[in-house]
Structures are given as C-alpha cells and as structure tokens.
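> Protein chains in written order, with this note's numbering: chain F, 1 to 517; chain D, 1 to 76.
Worth flagging that the hints you see were computed from the coordinates, not collected in a lab. Among the clues, some could well be false.
What the hints assert, rightly or not - Over the 10 Å line for every Cβ pair with chain F, so calculated as not near, a few chain D residues:
#1 V19
#2 I35
#3 S39
#4 N60
#5 M68
Claimed, not checked - For lysine-lysine, the following BS3-like pairs were computed, each having C-alpha atoms within a straight-line distance of at most 25 Å:
#6 D:K26 x F:K391
#7 F:K93 x F:K82
#8 D:K63 x F:K381
As the list claims (entries may be wrong) - Computed list of chain F residues with no C-beta within reach of chain D, every gap over 12 Å:
#9 L10
#10 I149
#11 K314
#12 K321
#13 T341
#14 C398
#15 A488
For clarity, every value in this text was computed on a predicted model and none was experimentally measured. The beta-carbon is built from N, C-alpha and C at its ideal position, and this holds for glycine as well.
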Amino acid sequence: MSFTSYWFVLAVGVIIFLYYIIPKRVQWMFLLAASYLIYASAGWQCIVYISITTLVTYIAARVIDSLTQKRKRFFSENKLEKAEKKQYKEKIKKKQKCLVWMAIIAELCLLVMLKYSGFIGLKISDVFQGIIVPLGISFYTLQAIGYLIDVYNEKYEAQRNYGKLALFMGFFPQLSQGPISRYDDLSKTLYEMHGFDASVVALGAQRILWGYFKKLVIADRVAVGLNTLLKAPSEYTGVYFIVAATFYAIQLYADFTGGIDIAIGIAQTLGIKLKENFVRPFFSKSIKEYWNRWHITMGSWFTDYVFYPVSVSKTFLKISKRARNVLGDGIGKKVPVYLATIIVWSLTGLWHGASWNFVVWGLANCVVILISQELIPIYRKFHKRFKVADKMWYKMFCVVRTIILMSMLRMFDCFTDVTVTVKWFASIFINCNPAVLWNGSLLHIGLTVEDYVIIILGVLILVTVSMLQRKQSVRERIKHMPYPVRVAVWLSLFVVVILMGMYGQGYEASDFIYNRF
Amino acid sequence: MEDLLEILLELHPEVDFEVEEQLIDKGILDSFDIITIISEIADSFDVVVPAREIVPDNFNSAKALYAMITRLEDGE
Numbered sequence: 001m002s003f004t005s006y007w008f009v010l011a012v013g014v015i016i017f018l019y020y021i022i023p024k025r026v027q028w029m030f031l032l033a034a035s036y037l038i039y040a041s042a043g044w045q046c047i048v049y050i051s052i053t054t055l056v057t058y059i060a061a062r063v064i065d066s067l068t069q070k071r072k073r074f075f076s077e078n079k080l081e082k083a084e085k086k087q088y089k090e091k092i093k094k095k096q097k098c099l100v101w102m103a104i105i106a107e108l109c110l111l112v113m114l115k116y117s118g119f120i121g122l123k124i125s126d127v128f129q130g131i132i133v134p135l136g137i138s139f140y141t142l143q144a145i146g147y148l149i150d151v152y153n154e155k156y157e158a159q160r161n162y163g164k165l166a167l168f169m170g171f172f173p174q175l176s177q178g179p180i181s182r183y184d185d186l187s188k189t190l191y192e193m194h195g196f197d198a199s200v201v202a203l204g205a206q207r208i209l210w211g212y213f214k215k216l217v218i219a220d221r222v223a224v225g226l227n228t229l230l231k232a233p234s235e236y237t238g239v240y241f242i243v244a245a246t247f248y249a250i251q252l253y254a255d256f257t258g259g260i261d262i263a264i265g266i267a268q269t270l271g272i273k274l275k276e277n278f279v280r281p282f283f284s285k286s287i288k289e290y291w292n293r294w295h296i297t298m299g300s301w302f303t304d305y306v307f308y309p310v311s312v313s314k315t316f317l318k319i320s321k322r323a324r325n326v327l328g329d330g331i332g333k334k335v336p337v338y339l340a341t342i343i344v345w346s347l348t349g350l351w352h353g354a355s356w357n358f359v360v361w362g363l364a365n366c367v368v369i370l371i372s373q374e375l376i377p378i379y380r381k382f383h384k385r386f387k388v389a390d391k392m393w394y395k396m397f398c399v400v401r402t403i404i405l406m407s408m409l410r411m412f413d414c415f416t417d418v419t420v421t422v423k424w425f426a427s428i429f430i431n432c433n434p435a436v437l438w439n440g441s442l443l444h445i446g447l448t449v450e451d452y453v454i455i456i457l458g459v460l461i462l463v464t465v466s467m468l469q470r471k472q473s474v475r476e477r478i479k480h481m482p483y484p485v486r487v488a489v490w491l492s493l494f495v496v497v498i499l500m501g502m503y504g505q506g507y508e509a510s511d512f513i514y515n516r517f
Numbered sequence: 001m002e003d004l005l006e007i008l009l010e011l012h013p014e015v016d017f018e019v020e021e022q023l024i025d026k027g028i029l030d031s032f033d034i035i036t037i038i039s040e041i042a043d044s045f046d047v048v049v050p051a052r053e054i055v056p057d058n059f060n061s062a063k064a065l066y067a068m069i070t071r072l073e074d075g076e
C-alpha cells in the first residue's frame with residue numbers, strides 16, 4: 001500500500017484513532033498487527049520474508065545475549081586471574097562471532113536470492129519463479145544486521161519479546177523507504193504507552209501534509225517532464241541532459257524527503273520518534289558534507305557497520321603495515337582507509353539497486369570524495385593565502401559546485417546501461433542546442449506553463465523553508481503564531497495539495513523512488 | 001597524553017584539543033580522521049582499537065580518547 005493511495009491515508013486515519021482509544025498497554029501490539037496488515041497488502045510473501053529475517057535475528061540475538069550473561073555470571077561467581085578471564089572471554093566471543101556471522105549470512109542470502117539473483121547470474125528462477133522482491137527488504141535487513149552487531153558488541157541486551165522485535169523490524173511508516181532505525185533509538189518511544197496529545201498529533205499531521213506537498217505537488221509534477229526525456233535520450237540531446245539532471249535533482253529531493261516527512265509525521269502522530277534522514281543536503285559545500293546530510297541513516301549505517309569494522313580489522317591493519325613499508329608512511333597509511341572507502345561505496349551502490357549502473361554511481365561518488373580528500377592540503381593553503389573561506393560568495397560557489405556535481409553523478413541512477421548515460425552527457429558538448437531553453441521546446445515534454453510556475457514556486461518554498469529551518473523548526477515557529485494565522489497556513493497547504501497535487505482520476509501518483517531500493 | 005595531542009594536531013592544527021569536547025558532535029573529526037587516529041594509536045601506543053569502541057563518547061575529546069587508550073592498555 002503506497003503512501004499516496006487513498007487506502008493508505010484512510011488506514012493511517014483509522015490506526016491513529018484506534019491507537020488512542022485502545023488500552024495503552026496493548027498499543028505496541030496493535031501497531032504490530034496494523035504494520036503487518038498494511039505490509040501484507042503489498043503481497044502475502046512480504047510477511048513470510050520479514051518473518052524469516054525477524055526469527056533469525058531474534059534467535060541469534062537471544063543466544064548471543066545468553067552467552068554474554070553466562071560469561072558475566074561466570075566471572076562474578078569465580079575468582080579468576082586476568083589471563084583466565086581473557087581465555088574464557090575469548091572462548092565465548094568465538095561462539096558469539098560464529099553465531100552473528102551465521103545470522104548475517106542467512107539474512108544476506110535471503111536478500112541476495114530475492115533481489116540480486118539476476119545481477120550475480122544465479123539460475124534460481126525455477127525455484128523462485130514469479131517471486132516478488134518484498135518492499136523494504138533492503139531497509140529492514142540493514143536494521144536487523146545493525147541490531148545483531150550491537151547485541152554482539154554488548155551495546156544493549158537482546159529484546160526478549162519476539163513481538164516487540166518484530167515491531168522494530170516492521171513498523172509500517174519506516175518499512176518501505178526508511179529511515180533506517182537503530183534499536184536503541186527507536187525502542188525508546190516505540191514500546192512506550194502514549195496518551196493522546198493534540199499538539200503532538202497536530203505536529204505530526206503537519207509534517208505529513210508537508211510531505212504530501214513535496215511528493216504530489218512537486219516531485220510527481222516534475223516526474224512527468226523527466227519521464228518524457230528519459231524515454232528518448234537519443235532524441236532529447238544536448239541541453240536536455242542539463243534539464244533532465246535539474247528535474248531529477250528536484251524530483252529525487254522532493255520525493256525522498258517527502259516520503260520521509262510522511263513516515264516521520266505518521267510516527268509522530270503516534271508519539272513515536274523516528275530519526276531525521278536529511279539536514280538541508282543542498283546547502284552542502286562538498287560531496288563529503290552532502291553525504292553527511294543526505295540519507296543520513298543509510299550513510300551512518302554503512303560507516304558504523306562496514307567502514308569502521310573493515311578499516312580496523314586485522315587484515316586491514318596488516319595491509320596498512322605492508323603499505324607503509326612499501327609505499328612509505330605518507331601514502332601507505334592512506335591505503336587501508338581508501339580501500340575501505342571503495343568497499344563501502346561499492347556496497348552503497350549495490351544496496352540501491354541490483355545493476356551495474358548503481359555500482360558505477362557508488363564508485364563515481366567514491367572517486368570524487370577521495371580526490372577531495374587528497375586536495376585538502378591544497379584547499380588549506382588556498383584558504384590561508386586568499387582568506388575566502390568565510391566569504392559568502394565563496395560559500396555560495398561551493399554550494400552551487402556541489403549541486404552541479406551531485407546532479408551529474410545522480411544521472412547514473414536513470415539508466416541501467418551506463419553507456420547511455422555517458423553518451424547523453426557527452427551530447428552536451430556535441431549538440432548543445434541551448435535554444436531549447438527559450439524556443440518553447442520545453443512545453444512539449446508534458447509540462448505546461450502552469451506546471452513550470454508551480455514547480456518554480458514549489459522549489460522557492462522548499463528553499464525558503466530550508467533557510468528558515470537553520471534557526472528553528474518551521475512548524476514550531478508557526479505553532480507560536482496567532483490561531484487564525486496557523487489555521488490559514490495549514491489550510492492553504494492542504495488546499496494546495498488537494499488542488500495542485502498529481503493524483504486522482506487521470507493521474508497515477510508514481511511510486512516513491514526509494515521504494516524500489 | 002602529549003603523544004596523542006601531537007597525533008591530533010597533525011590532523012587538525014586549527015583545533016585546541018586540550019579544550020574542545022565536541023570533536024564528533026561538531027563534526028570536527030570525520031570518519032577518515034577517526035581511522036587515521038586509530039592507526040596512529042596502534043603505532044604509538046601499541047593498542048588496537050576495536051570497531052565497537054568507535055562511539056562519539058570515546059572520540060569527542062582528547063581526554064576521552066586518552067581514557068579509552070588507557071582502558072584498552074589495561075586489557076579491559
């Protein structure tokens with residue numbers, strides 16, 4: 001059930017209503033049932049797959065946790081020498097390591113079988129013919145692995161209640177496109193009893209409305225023009241590539257952040273706090289900064305559970321030593337960090353989709369980040385010499401440079417065949433044809449003058465809100481305004497979504513882009 | 001502690017590491033810096049920092065970093 005379907009909106013209304021009238025102690029159980037019901041509407045198989053992952057995670061985490069408790073009991077009941085303690089600890093850790101790996105491999109096997117069998121050339125289609133890739137499997141698999149590693153690292157104890165763990169994995173607002181939650185964060189509010197608080201519900205509803213504005217008014221409107229260009233890249237050459245890159249930047253931002261706004265807003269109406277996934281990414285002054293502000297929960301997941309463990313692993317420490325001996329201290333110590341970065345970005349690309357264009361996209365980002373890293377000393381000298389780092393015009397230049405660079409890299413998302421993207425990009429230099437921008441051609445790609453006006457105004461609103469957010473949440477500001485002003489603001493936004501949203505008869509609200517990841 | 005300050009200052013000469021207590025929270029140290037610091041710690045202190053120790057509490061200040069190194073040296 002998509003966030004944009006009438007049924008979903010109705011279901012959320014009913015869930016919020018029932019959530020606050022049922023006994024508080026059963027609220028989390030109700031949420032689990034509601035989440036599974038909504039998820040089942042995407043195909044009953046979805047429930048089977050998420051249940052397999054949940055069960056594997058639950059059993060492995062419980063056994064790992066019981067081994068930790070056993071070790072603690074053993075230490076408290078016996079007076080041991082330091083060496084004896086170390087030996088016993090290592091023995092237990094070995095068993096736990098084996099378990100955590102088995103569980104992670106089992107979960108990754110399921111993910112690979114369902115999502116990547118075609119990509120890695122596995123011929124398992126006879127067994128899994130007609131299988132559907134379950135919605136959100138990439139998201140909940142990462143949550144499960146993160147939870148397992150945290151329990152293994154004794155960050156927290158394993159959840160003893162299977163139902164509560166199942167809710168953590170399958171909480172419906174975050175299931176289809178994140179944010180990717182951490183157990184210790186989400187569990188603080190997920191299982192709590194929540195009484196009705198009109199102001200909290202109102203804040204959540206406002207966030208949902210803002211999300212629908214981004215998705216239905218901006219993203220799905222831009223998508224009409226973008227899809228026309230993407231269907232015939234050989235026809236729409238030259239400056240059309242720049243138009244497409246601009247459209248895609250707007251669409252992806254409005255679509256993904258809109259979806260996350262809806263997810264966070266729904267959770268908020270239920271008194272549950274989901275992690276923020278974006279901090280004004282288009283204000284970033286470098287690609288590295290951009291990735292710290294865009295899809296934050298995915299980036300931090302890969303940093304914490306792949307980049308750090310790989311970088312400080314025994315193998316990489318050996319590589320580091322060897323590289324220093326061969327290449328010298330300066331370059332040698334960078335080798336393991338850069339290797340780990342390449343691994344992380346290849347995996348990040350693959351996580352986004354089972355095709356080579358996503359791997360190329362990931363590696364292209366990696367190359368830019370590593371080049372930027374190497375240029376840091378030069379930038380430092382430049383900033384020291386010319387004292388421009390604090391100048392507004394220089395900051396603006398860095399922001400615009402990042403936007404252009406990211407918009408170009410992002411185009412690798414659009415076609416599974418990388419050569420199509422490269423050829424299309426090259427057409428800017430071969431057949432630029434800038435007249436397209438003013439000779440009316442852009443009115444023949446499915447967008448009218450009114451559409452362009454709405455898109456431009458929509459983008460201006462997004463930029464203004466982002467700028468205001470730097471000091472304080474816009475919803476909080478509005479909350480402190482006089483009642484008639486508040487009503488006027490939210491009612492206007494509601495009317496805009498209803499009148500200008502791309503939905504209903506004659507429109508098919510498109511799926512959220514991140515649903516397919 | 002002086003060895004550690006030297007490692008940190010080589011990475012970010014502009015930061016006063018004796019005072020700063022929000023190295024991670026303020027985004028002064030990024031993931032590349034953290035791995036470089038861990039690698040230098042391994043060389044200078046002969047201490048291996050496992051991935052589970054890479055949490056903001058251990059990297060937010062030079063003091064916290066030094067406390068972690070001491071703890072790991074003691075084999076806890």
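> Quick check for students: does the CB of D:S39 sit more than 10 Å from each CB in chain F?
Incorrect as stated: the minimum Cβ-Cβ distance to chain F is 6 Å, not above 10 Å.
> Report holds if the minimum CB distance from F:K321 to chain D is greater than 12 Å, and violated otherwise.
9 Å, violated
> Evaluate the condition: distance from the CB of D:I35 to the nearest CB of chain F exceeds 10 Å.
4 Å, violated
> Decide, holds or violated, for the assertion that all CB atoms of chain D are farther than 12 Å from the CB of F:K314.
8 Å, violated
> Given the proposed pairing of D:K26 with F:K391, does the C-alpha separation stay at or below 25 Å?
Holds, at about 21 Å.
> Between F:K93 and F:K82, does the CA-CA distance stay at or below 25 Å?
16 Å, holds
> Does F:T341 clear chain D by more than 12 Å, comparing its Cβ with all Cβ atoms of that chain?
8 Å, violated
> Report holds if the minimum CB distance from F:I149 to chain D is greater than 12 Å, and violated otherwise.
Nearest chain D Cβ is 9 Å from F:I149, so the label is violated.
> Would you say D:N60 is clear of chain F, with no C-beta pair closer than or equal to 10 Å?
16 Å, holds
> Hey, is F:L10 genuinely clear of chain D, shortest beta carbon separation above 12 Å?
42 Å, holds
> Checking the smallest CB distance to chain D, is F:C398 really beyond 12 Å?
16 Å, holds
> Run the distance test for D:K63 versus F:K381: straight-line Cα separation, threshold 25 Å.
The hint is violated at about 30 Å.
In summary, the structure is inconsistent with hints 2, 3, 8, 10, 11, 12 and 13 from the numbered list given earlier, while agreeing with the others.
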